[in-house]
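Q: Kindly generate the complete structure, drawing on both the sequences and the hints.
Residues per chain, in single letters:
Number of protein chains: 4
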Amino acid sequence: MMDGPGIIRDETGAQTLLGYVVDISAKDGKGRCVLDVGAQHGNRHGVLHGGIIACLLDNAMGYGAAVHVSEDGSAKFLTVSMNTQFIAPAPGGRVIATGKITGGGRNLMFAEGELHHEDGRLLATATGVYKKVAEGRG
Amino acid sequence: MMDGPGIIRDETGAQTLLGYVVDISAKDGKGRCVLDVGAQHGNRHGVLHGGIIACLLDNAMGYGAAVHVSEDGSAKFLTVSMNTQFIAPAPGGRVIATGKITGGGRNLMFAEGELHHEDGRLLATATGVYKKVAEGRG
Amino acid sequence: MMDGPGIIRDETGAQTLLGYVVDISAKDGKGRCVLDVGAQHGNRHGVLHGGIIACLLDNAMGYGAAVHVSEDGSAKFLTVSMNTQFIAPAPGGRVIATGKITGGGRNLMFAEGELHHEDGRLLATATGVYKKVAEGRG
Amino acid sequence: MMDGPGIIRDETGAQTLLGYVVDISAKDGKGRCVLDVGAQHGNRHGVLHGGIIACLLDNAMGYGAAVHVSEDGSAKFLTVSMNTQFIAPAPGGRVIATGKITGGGRNLMFAEGELHHEDGRLLATATGVYKKVAEGRG
Numbered sequence: 001m002m003d004g005p006g007i008i009r010d011e012t013g014a015q016t017l018l019g020y021v022v023d024i025s026a027k028d029g030k031g032r033c034v035l036d037v038g039a040q041h042g043n044r045h046g047v048l049h050g051g052i053i054a055c056l057l058d059n060a061m062g063y064g065a066a067v068h069v070s071e072d073g074s075a076k077f078l079t080v081s082m083n084t085q086f087i088a089p090a091p092g093g094r095v096i097a098t099g100k101i102t103g104g105g106r107n108l109m110f111a112e113g114e115l116h117h118e119d120g121r122l123l124a125t126a127t128g129v130y131k132k133v134a135e136g137r138g
Numbered sequence: 001m002m003d004g005p006g007i008i009r010d011e012t013g014a015q016t017l018l019g020y021v022v023d024i025s026a027k028d029g030k031g032r033c034v035l036d037v038g039a040q041h042g043n044r045h046g047v048l049h050g051g052i053i054a055c056l057l058d059n060a061m062g063y064g065a066a067v068h069v070s071e072d073g074s075a076k077f078l079t080v081s082m083n084t085q086f087i088a089p090a091p092g093g094r095v096i097a098t099g100k101i102t103g104g105g106r107n108l109m110f111a112e113g114e115l116h117h118e119d120g121r122l123l124a125t126a127t128g129v130y131k132k133v134a135e136g137r138g
Numbered sequence: 001m002m003d004g005p006g007i008i009r010d011e012t013g014a015q016t017l018l019g020y021v022v023d024i025s026a027k028d029g030k031g032r033c034v035l036d037v038g039a040q041h042g043n044r045h046g047v048l049h050g051g052i053i054a055c056l057l058d059n060a061m062g063y064g065a066a067v068h069v070s071e072d073g074s075a076k077f078l079t080v081s082m083n084t085q086f087i088a089p090a091p092g093g094r095v096i097a098t099g100k101i102t103g104g105g106r107n108l109m110f111a112e113g114e115l116h117h118e119d120g121r122l123l124a125t126a127t128g129v130y131k132k133v134a135e136g137r138g
Numbered sequence: 001m002m003d004g005p006g007i008i009r010d011e012t013g014a015q016t017l018l019g020y021v022v023d024i025s026a027k028d029g030k031g032r033c034v035l036d037v038g039a040q041h042g043n044r045h046g047v048l049h050g051g052i053i054a055c056l057l058d059n060a061m062g063y064g065a066a067v068h069v070s071e072d073g074s075a076k077f078l079t080v081s082m083n084t085q086f087i088a089p090a091p092g093g094r095v096i097a098t099g100k101i102t103g104g105g106r107n108l109m110f111a112e113g114e115l116h117h118e119d120g121r122l123l124a125t126a127t128g129v130y131k132k133v134a135e136g137r138g
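Chains as they are written, first to last, in the numbering used here: chain A, 1 to 138; chain B, 1 to 138; chain C, 1 to 138; chain D, 1 to 138.
Incorrect hints may appear among the rest.
One copy or two, either will do: identical chains are not told apart, so a pair holds if it fits within one copy or between any two.
Pairs of lysine-lysine residues, derived as DSS-like cross-links and limited to a Cα-Cα distance of at most 27 Å, are as follows [as the list claims (entries may be wrong)]:
(1) Lys76 - Lys131
(2) Lys100 - Lys132
(3) Lys100 - Lys131
(4) Lys132 - Lys76
Source of the hints: derived by calculation from the structure; they are not laboratory data.
A: What follows is the structure, encoded as structure tokens:
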């Protein structure tokens with residue numbers, strides 16, 4: 001079971017509802033979201049719902065932005081836009097979304113993300129634009 | 001309370017988990033997903049999570065594709081790629097995602113979607129590419 | 001031939017090279033780019049190159065942003081990100097890209113665009129994020 | 001000057017017009033497009049036009065798809081959709097777009113692309129969906 005510094009559970013309502021774990025423990029500039037896929041995450045085809053894939057990738061990229069500018073990941077970002085490519089279906093097991101910053105300035109940052117199955121297959125990719133929330137807000 | 005022909009509840013695990021209602025009752029070529037936003041849908045900013053917005057738009061566009069080719073919406077589509085623009089935050093209340101087909105052929109279709117708050121504000125837009133699942137599969 | 005107030009030719013190197021005309025004469029909040037497709041715009045399939053389609057849509061959306069905040073369209077915007085869906089091929093004739101703002105704030109704006117053939121067919125759609133350039137720059 | 005096997009010039013009208021060189025000589029599964037930026041490629045800000053950036057990335061990804069399925073890059077693909085993130089401006093000099101396949105099946109493939117300046121800076125990223133053209137067509 002994942003636990004310890006940099007492992008974040010139940011930070012938000014959506015995270016609790018979907019049941020994923022945020023992992024920023026690696027100190028490698030990446031944000032990660034880990035989900036053990038269950039029947040409650042399924043779509044009409046009985047595989048992981050594309051919208052939940054987008055959720056994981058969005059959060060991984062947002063945490064990639066957060067750790068890029070704050071060691072503890074406490075900086076907050078709004079998603080401006082994101083794009084997801086659904087490369088392969090995820091029938092079950094554990095999936096890991098990874099996000100990191102590719103460039104940008106102080107306020108607007110560009111990120112990319114990948115969703116892998118625990119068996120190593122690439123399931124989805126994403127890109128996104130993130131905007132830093134001014135301190136005192138959010 | 002929404003009910004009757006063309007109102008679809010709990011069709012998938014993800015739909016039950018997130019708690020939205022699919023509405024294809026209007027026979028206007030559009031798919032709709034309706035969500036009453038609660039604390040369980042919130043992000044780090046306390047507003048509707050972008051990933052859940054993507055879920056609703058993806059499903060509304062997928063149902064837009066389904067009703068485009070099958071009167072009862074039973075045709076199934078896979079999401080190939082989708083893009084979401086997060087225009088305004090959704091603090092609470094009811095939100096409605098609407099999706100429709102803009103073009104394409106028999107197998108690959110292009111869709112666009114909009115998420116409105118019940119007060120009329122445009123909260124997000126989306127575009128997506130959808131692929132028809134061959135009958136007998138999915 | 002298109003001419004008169006709100007018709008912009010040869011404003012930039014790229015515009016001259018590609019040969020399209022910008023039209024912001026309609027005062028309807030939309031930017032337009034008009035191109036008469038020739039062999040010099042063709043791709044490997046002998047139809048209008050997707051990259052040139054993206055050029056036209058990007059410029060139409062950028063001018064949509066410009067006329068949204070300045071009557072004469074003189075305000076300048078940078079493209080942050082854009083997404084294009086290629087719905088149908090454009091074998092020849094005149095094509096018109098139209099762009100308009102869907103929302104946003106003072107600095108960051110969201111736009112959508114459509115490319116139509118002069119015969120009315122929808123050829124491509126786009127969405128984009130645009131950032132206002134501070135006065136005195138650009 | 002670039003020349004030799006795998007260097008493609010003037011294959012299409014758009015390529016001649018924009019003046020970029022296609023390079024599939026590396027046999028590393030990537031397509032490349034190289035452009036020496038001139039005034040004719042400029043936008044309203046006097047830097048490389050975003051639409052031309054999209055052109056280069058689209059072609060690099062399309063060639064990435066082509067070399068993925070045919071050693072000589074002769075297989076042809078249509079762009080279904082593409083997304084571009086404009087990370088940094090390109091004031092001049094040489095830029096190189098690189099594209100490769102990230103996944104997909106026989107007909108529909110997913111690609112990602114990057115545009116670098118010759119000095120190593122990342123200027124833009126892209127993702128795209130490509131569809132194989134049936135032989136005998138295109």
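Q: State for each hint whether it applies.
A: Verification of the hints:
In this assembly of identical chains, Lys76 and Lys131 lie within 27 Å of each other by CA distance both inside one copy and across copies; the values are 9 Å within and 20 Å between. In the homo-oligomer, the alpha carbons of Lys100 and Lys132 lie at most 27 Å apart both inside one protomer (15 Å) and across protomers (26 Å), since each shortest distance falls under that limit. Taking the shortest alpha-carbon separations for Lys100 and Lys131, both the intra-copy value of 14 Å and the inter-copy value of 22 Å come in at or below 27 Å. Taking identical chains as interchangeable, the C-alpha atoms of Lys132 and Lys76 lie at most 27 Å apart whether they share a chain (6 Å) or sit on different chains (23 Å).
The structure agrees with every numbered hint stated previously.
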